[in-house]
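Residue numbers (mature numbering (1 follows the signal peptide of the UniProt record, and there is no 0)): -26 to -1, 1 to 304.
Because the hints were derived from the structure by calculation, they are not lab data. Keep in mind it's a predicted model, so treat the numbers as computed, not measured. No residue lacks a Cβ here, since even glycine has one placed at the ideal position from N, Cα and C. One or more hints might be untrue.
Restraint-style ranges between C-beta atoms, simulated for each label pair [unchecked claim]: (1) Thr284 with Glu148: 45 to 53 Å; (2) Pro117 with Asn84: 24 to 32 Å; (3) Gly15 with Asn134: 19 to 27 Å; (4) Val184 with Leu75: 37 to 45 Å; (5) His113 with Val184: 15 to 23 Å; (6) Val114 with Glu57: 22 to 30 Å; (7) Gly64 with Thr222: 41 to 49 Å; (8) Arg5 with Gly195: 41 to 49 Å; (9) Thr235 with Lys147: 32 to 40 Å; (10) Ala199 with Val286: 29 to 37 Å; (11) Arg162 with Gly236: 15 to 23 Å; (12) Arg162 with Arg5: 34 to 42 Å.
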Amino acid sequence: MAHLSLSLSLIFRVYALLLLINVSLAKTLQRDLKALNEIKGLVGWRVVYTWVGDDPCGNGVLPPWTGVTCSTVGNYRVVTKLEVFAMSIGGTFPTAVTNLLDLTVLDLHNNKLTGPIPPQIGRLKRLKSLNLRWNKLQHVLPPEIGQLKILTFLYLSFNNFKGEIPKELSNLKELQYLHFQDNHFTGRIPAELGKLQKLRHLDAGSNHLVGSIRDLLRIEGCFPALRNLFLNNNYFTGGLPNKLSNLTNLEILYLSYNKMTGTIPSALAKLPRLTYLHLDHNQFSGRIPDAFYNHPNLKNMYIEGNAFKTDVKAIGAHKVLELSEIDLLV
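Input sequences plus hints: build the corresponding full structure.
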């Protein structure tokens, strides 16, 4: 028995050694070598001290470049993750990134990138997470983002994007988190986004968007998984439709600083998970239905800056949430 155990141990060690040799012999795909070295030349000294050598995946002596993750596919290594954030990298968005066709994660957030997202972004068919927030990116969003069919996370907040939100984003059937806040988007949010069956978080706050909640919810069965809806600091008009009560997973509804009118429907109090309701600084009127005050999960309801009856009371801590607090909630 001891002899058998020793033999198995030896076989395992030999296998592990062969696997290590195979990985070390694998070459980084020339396409990825060229793309990363081109990016290195563009971003300059910000990464030069951590991107040492010519091979971003490492060469057995030098380690992989910081923020670069590689995987072995057959006899080659390919770049699967590029996570270079908070390094004050400037210049236009490096189009060479779109040649890294095996990327699953692209994270360039908290830099100083400018210019547009190139339409070639649609080539990254394996991308699951795209994080470009906290940059200085501009122009309209390319509809080619809608070609990233397995994208789950899309973070574009705190940039200078303008124009309309492309309806092609409704093709992203795996999308769960969609962040647009603090840009210069105009027009209406495409109602087609309601077809995204897995979407849990939609933040379009602090833009120049127009329209109404009724327009956004016009597709039957829309937003079935939505938990957080942030539309604050825009130009939405109209009232709160009863159809909002169909979003049974909704936990946060943030409508502050718009131009919305009408009374608050009691149907909205039927949302079982509703926890934070921000109605402040609109033109709502009338009374708040008693059902809201008896809601088992509603912690905070903000109502100031409206035309409610004078005896209408808020619920919970009566203050405006800071950005850091909102991030903790979602």
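Results for each hint:
In this structure, Thr284 and Glu148 meet the distance hint of 45 to 53 Å, their C-beta atoms being roughly 48 Å apart. A hinted range of 24 to 32 Å for the beta carbons of Pro117 and Asn84 is consistent with their spacing of about 26 Å. Between Gly15 and Asn134 the beta carbons are some 25 Å apart, a value that agrees with the proposed interval 19 to 27 Å. One distance hint, 37 to 45 Å for the beta-carbon pair Val184 and Leu75, holds here, with the actual separation near 38 Å.
Checked against the given bound of 15 to 23 Å, the beta carbons of His113 and Val184, roughly 20 Å apart, stay inside it. At roughly 26 Å, the beta carbons of Val114 and Glu57 sit within the given window of 22 to 30 Å. With their beta carbons about 45 Å apart, Gly64 and Thr222 fall inside the hinted range of 41 to 49 Å. Range check, Arg5 to Gly195: about 42 Å between beta-carbon atoms, so the 41 to 49 Å window is met.
Taking the beta carbon of each, Thr235 and Lys147 are about 35 Å apart, inside 32 to 40 Å as hinted. At about 32 Å, the CB distance of Ala199 to Val286 agrees with the hint of 29 to 37 Å. For Arg162 and Gly236, the hinted distance range of 15 to 23 Å is satisfied, since their beta carbons lie about 19 Å from each other. Between Arg162 and Arg5, the C-beta spacing of about 40 Å keeps the proposed range 34 to 42 Å intact.
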